[in-house]
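Quick mapping for you: the protein sequence lines, in order, are chains Y and Z. Quick note on the numbering used here: the first sequence kicks off at 1 and runs consecutively. Quick note on the numbering used here: the second sequence kicks off at 427 and runs consecutively.
Calculated from the structure, these hints are not laboratory results. Quick caveat, the model's predicted, so the values are computed rather than measured. Heads up, some of the hints might be wrong.
Below, a list of computed lysine to any residue pairs in the SDA-like style, where the Cα atoms sit at most 20 Å apart [unchecked claim]:
id: 1; chain 1: Y; residue 1: K95; chain 2: Z; residue 2: R439
id: 2; chain 1: Z; residue 1: K498; chain 2: Y; residue 2: F27
id: 3; chain 1: Y; residue 1: K310; chain 2: Y; residue 2: E286
Residue strings, one per chain:
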Amino acid sequence: MNHDHHIELEYEPAVPVSRGKLAIWLFLSTEIMFFTALVGTYIVLRFGAPAGSWPSPASVGVVEWIGALNTFVLICSSVAIVFCFESARLDRPAKARNWLLVTMVLGMVFLGIKGYEYNSKFKHGYYPQYPRSIMYDRPNEQYLSGLKENLRIQIADLETAILEQKRAAEGSGTESSSAQPEVASLLRRAPEGDTSAAVDASNLEEKLELLYQVQSGMVNWTERKVGRTDDPLMQQRAIEALTWQINPVFGDSEQVRKYLSDEKDEVSLLIVGQNSALTDLRETLETAQGEIVSFEEADDKGDEYKEAVKLAESTTREITAVELQLRQLESRISALDSFADAEHGINEEFHLQLPMVLPSGNTWANTYFLLTGCHAVHVLFGIFAFLILLPMRLGSARAGVVENVALYWHFVDIVWIFLFPLLYLF
Amino acid sequence: MNDTSEHNQHGSRNGVFVLVFLMLCALTAVSFWISRSDLMHDPVRGWGAMLAVSIGKSALVAAFFMHLWWEKAWKYVLTIPAMAIGIVLILSLIPDIGYRMDTYSKDRADSAAVHNNDADNPTIGFYGSEQ
Chain Y
1 MNHDHHIELE
11 YEPAVPVSRG
21 KLAIWLFLST
31 EIMFFTALVG
41 TYIVLRFGAP
51 AGSWPSPASV
61 GVVEWIGALN
71 TFVLICSSVA
81 IVFCFESARL
91 DRPAKARNWL
101 LVTMVLGMVF
111 LGIKGYEYNS
121 KFKHGYYPQY
131 PRSIMYDRPN
141 EQYLSGLKEN
151 LRIQIADLET
161 AILEQKRAAE
171 GSGTESSSAQ
181 PEVASLLRRA
191 PEGDTSAAVD
201 ASNLEEKLEL
211 LYQVQSGMVN
221 WTERKVGRTD
231 DPLMQQRAIE
241 ALTWQINPVF
251 GDSEQVRKYL
261 SDEKDEVSLL
271 IVGQNSALTD
281 LRETLETAQG
291 EIVSFEEADD
301 KGDEYKEAVK
311 LAESTTREIT
321 AVELQLRQLE
331 SRISALDSFA
341 DAEHGINEEF
351 HLQLPMVLPS
361 GNTWANTYFL
371 LTGCHAVHVL
381 FGIFAFLILL
391 PMRLGSARAG
401 VVENVALYWH
411 FVDIVWIFLF
421 PLLYLF
Chain Z
427 MNDTSEHNQH
437 GSRNGVFVLV
447 FLMLCALTAV
457 SFWISRSDLM
467 HDPVRGWGAM
477 LAVSIGKSAL
487 VAAFFMHLWW
497 EKAWKYVLTI
507 PAMAIGIVLI
517 LSLIPDIGYR
527 MDTYSKDRAD
537 SAAVHNNDAD
547 NPTIGFYGSE
557 Q
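With the rest of the complex left out, here is chain Y (with noise of 0.2 Å):
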């Protein structure tokens, strides 16, 4: 046996291309089979949604024009990438870096108006929330009493709110910047809220004032109104009507608004009717009252006194009845009134965040966020990329890594080709 001789291999690559290209190769098939998966599970569930079942993209804020000047943004960065790694390649280190500068710009400019659509979803409540979010599939009992319980809880913390700042006023300062925190998060929420400007007390009791008529004029007047009806079509008009007011997405406007008009017809003929009863309930109470007073000075107290102190009585109760139903009749009015002309709902006129009816608008938000997520934090992986470049000489020695790069944001470019339609144009 001869140790001596060495055998001498020699390795031939199996692709026709470098290490570090395979891998980046290899990289996106991974990514190709984690995004075809993610967006086909979207685009199978928007498929089988029928028509008015799936918010419409004007309903949830997204606005087409804006996914498009993405769509270019993104188009344009992926082209300045061909071109650095051209330069690159043809050993021209300034321009490469130059057009992994524009890139890199254009890659950040995509992320600003990311985060400015994210911000417009979450001031409109258009977000999963813990422990469920404030939109709902159907106008039934469940949303109603999600409403109800949605809004005691925003007013006690109203309540408590407008009592701490009170508080730290009286206080002279001391304590007022353990308050102020809580404060300023619910003027954000509040009308004309600016986070910027000192905190406004009558900005507060503003909307303290407007959720009051929301609970009395809208919420509590639905709930008796469903609950005085055993038929399904009366509760469910009821409900329809208070979650068309509140943000009509969907829904047959011109019939809602005739139901509202007519219901402020028969809510004023009742105040009338109220009024008129109430009227002569207290000229019986005044006229048992003289009774008594002129039982009163006789020595003998009979049946007909009894009975005028048994009429007073009973008048008496009737009078808080009806005045408690003139009272909730009025509150219906004002409600009717002051509502009438928010065009767009209650929630997008006064700035509210009242539980909606938005069908599917939960899986909408979950799928939305976590396509447009998943592909933001690639962008921003990305970013990072182009950072540790940029210091490099991209001559043509890194023109290996240049392509790798742009290999994977091209990648990243052929996503959102995918999600634009979907998200903004389906």
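Fit chain Z to the given chain Y structure using the hints.
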């Protein structure tokens, strides 16, 4: 050029890239146009058309920006199985998820906030039509 790795290429391909860029912009406009065209009367057809445009756009990016057009056969090994597996996964979702709304129960139809064409099972309330 097909027989050489691209690092050996010294010619400028910028013309091709600019052309692809313009095509990408045009195709984006096309999908925008489809979303407002009569094709959307049948949403599934409109969506299908938009997805076809997207597939075209991504093919352009992959072929030219990612240089797959000029690569050797190894490109198929790394792209086609990955896509096939992803697509099989989607197809397997269709029976349960894609068709989930095709048959309504009576209870569901009664309180559904969607248009319902079934005359025996009419949707009640104002939510008969989508705004």
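These are the hints, each one checked on the structure:
1. Straight-line distance between C-alpha atoms of K95(Y) and R439(Z) comes to about 16 Å, which keeps the hinted pair within the 20 Å bound.
2. Between K498(Z) and F27(Y), the direct Cα distance comes to roughly 18 Å. Compliance with the 20 Å bound is thereby established for this hinted pair.
3. For a cut-off of 20 Å, the pair hint linking K310(Y) to E286(Y) stands: about 13 Å separates their Cα positions.
The structure meets every hint from the earlier list without exception.
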